[in-house]
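Q: Each chain is listed here by its residues.
There are 2 protein chains.
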Amino acid sequence: MKNRKKAVVLLSGGLDSATALAMAKAEGFDCYALSFRYGQRHMVELECASQVAKMLKTVEHRTVEIDLGAFGGSALTDTNIDVPHEAGDEDEIPITYVPARNTIFLSYALAWAEVLGCTDIFIGVNALDYSGYPDCRPEFITAYEKMANLATRAGVTGEEKLTIHAPLIDLTKAQIITTGLELGVDYGQTTSCYDPAPDGKACGTCDSCRLRLKGFKEAGTKDPRKYEM
Amino acid sequence: MKNRKKAVVLLSGGLDSATALAMAKAEGFDCYALSFRYGQRHMVELECASQVAKMLKTVEHRTVEIDLGAFGGSALTDTNIDVPHEAGDEDEIPITYVPARNTIFLSYALAWAEVLGCTDIFIGVNALDYSGYPDCRPEFITAYEKMANLATRAGVTGEEKLTIHAPLIDLTKAQIITTGLELGVDYGQTTSCYDPAPDGKACGTCDSCRLRLKGFKEAGTKDPRKYEM
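Quick mapping for you: the protein sequence lines, in order, are chains A and B. First residue of the first sequence? That's 3 in our numbering, and the numbers climb one at a time after it. First residue of the second sequence? That's 3 in our numbering, and the numbers climb one at a time after it.
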């Protein structure tokens with residue numbers, strides 16, 4: 003039997019990372035999903051991550067506790083800042099941006115990958131519909147990969163190259179949804195809302211819900227997620 | 003009164019980071035010290051970090067809890083792996099290497115720096131006496147800085163450049179000690195031991211103790227730290 007390659011896949015419980023996981027699987031990787039409890043307001047995200055990990059048959063799913071809220075500075079982790087429910091200025095970085103979040107997430111993925119002896123990491127970032135976050139841009143991913151190759155054993159021994167896969171980076175939300183549906187992703191098990199109701203229903207009005215709903219509309223299909231509206 | 007510049011300084015409780023903090027202060031920075039409880043076996047490190055932060059009058063000292071032990075793979079965080087007490091093969095990366103540790107530490111520093119509105123981060127890595135860790139090399143620091151500038155608001159707005167300072171990178175252990183002594187560092191309040199006794203005394207025989215003792219000898223002065231020997 004052929005020795006299959008392992009990949010660490012960052013899994014948030016959202017639509018994008020579920021699709022990235024399905025794509026990693028379709029490429030033949032045995033997937034190790036990694037989620038974070040990072041002081042985000044909405045625990046429904048982690049329940050979704052757990053469901054998605056089961057649905058897509060990951061080898062293992064770990065949730066690491068990290069305290070991003072300790073530093074504050076974002077509406078997603080700081081309860082003193084409100085989540086906006088209408089479109090913001092397109093030239094500005096939104097208040098939902100969590101400082102250095104993807105940098106920290108990728109660094110944990112890197113640690114786990116090194117222990118697993120795996121050289122592939124998947125992250126579901128997306129530059130087109132990216133909501134203005136600096137750490138979702140292609141040039142960030144490229145620079146991270148270069149750094150990661152110098153940070154690890156592989157970088158010293160020159161054995162194998164570590165690759166950061168960002169398979170959604172050039173896709174529109176509609177293309178992501180179409181790809182995921184083809185790969186059998188049930189998006190009813192994912193959540194994208196920044197400010198869900200206590201029962202887990204999505205608000206339908208935050209930045210992230212609006213991008214998601216627009217994506218389903220453009221893909222010509224209905225979002226199976228439950229909304230408050 | 004002139005608005006002084008802020009710097010985030012990674013502080014482990016060891017000799018190197020205490021010196022890096024003293025150097026940041028000497029350069030005129032208001033210092034925000036950052037330590038980690040990361041599943042390391044020896045809590046004496048964090049007590050030392052706290053003493054050093056007080057001694058060098060940091061504006062604030064935060065300790066963030068992170069679970070590097072969750073992934074295993076190092077003698078420093080995995081109780082199933084013994085800390086070696088004699089010199090290893092010089093060409094090999096030692097078993098005390100913690101996967102992606104400096105990458106993760108710097109990423110938290112980056113998050114705090116962004117929230118503080120600060121563009122300077124100090125880390126006490128050192129390439130000459132570096133014990134074989136890939137993430138202590140100059141090329142790693144350079145690549146990290148490049149990535150960090152793309153990861154943050156500053157990278158998008160092009161405002162200010164973020165700088166990762168590694169002031170010890172080309173110094174020998176003896177030069178580090180001499181520099182710190184000139185800046186008034188009391189090294190009796192620092193610890194470097196990978197495997198200290200329950201009362202906090204250093205073993206004197208692990209890689210890190212041996213490098214430290216050799217450094218003091220070459221600097222022509224006595225290490226004020228208490229040893230078991």
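Check each hint, because a few of them may be wrong.
Because identical chains share one entry, a pair is satisfied inside a single copy or across any pair of copies.
Here are the simulated DSBU-like cross-link-like pairs (lysine-lysine), alpha carbons at most 35 Å apart as the crow flies [said to hold, decoys possible]: (1) Lys-148 - Lys-203; (2) Lys-163 - Lys-219; (3) Lys-148 - Lys-219; (4) Lys-219 - Lys-56; (5) Lys-148 - Lys-163; (6) Lys-148 - Lys-228; (7) Lys-148 - Lys-224; (8) Lys-148 - Lys-7.
Keep in mind that the hints were calculated from the coordinates and are not lab data.
Q: Confirm or reject each hint.
A: A quick look at each hint next to the structure:
Within a single copy, Lys-148 and Lys-203 get their C-alpha atoms no closer than 40 Å, and across copies no closer than 40 Å, so neither meets the 35 Å cut-off. Proximity of Lys-163 and Lys-219 under a CA criterion of 35 Å is satisfied in neither setting, with 39 Å inside one chain copy and 40 Å between copies. Within a single copy, Lys-148 and Lys-219 get their C-alpha atoms no closer than 37 Å, and across copies no closer than 38 Å, so neither meets the 35 Å cut-off. Taking identical chains as interchangeable, the C-alpha atoms of Lys-219 and Lys-56 lie at most 35 Å apart only when both belong to the same chain, with a minimum of 27 Å there against 58 Å between chains.
Proximity of Lys-148 to Lys-163 under the C-alpha cut-off of 35 Å is found in both arrangements, the shortest distances being 10 Å within a copy and 19 Å between copies. In this assembly of identical chains, the alpha carbons of Lys-148 and Lys-228 never lie at most 35 Å apart, being 40 Å within a copy and 41 Å across copies at closest. Taking the shortest alpha-carbon separations for Lys-148 and Lys-224, neither the intra-copy value of 40 Å nor the inter-copy value of 42 Å comes in at or below 35 Å. With identical chains, the CA atoms of Lys-148 and Lys-7 are at most 35 Å apart both within one copy (21 Å) and between copies (30 Å).
Checked against the numbered hints given earlier, the structure breaks hints 1, 2, 3, 6 and 7 and satisfies all the rest.
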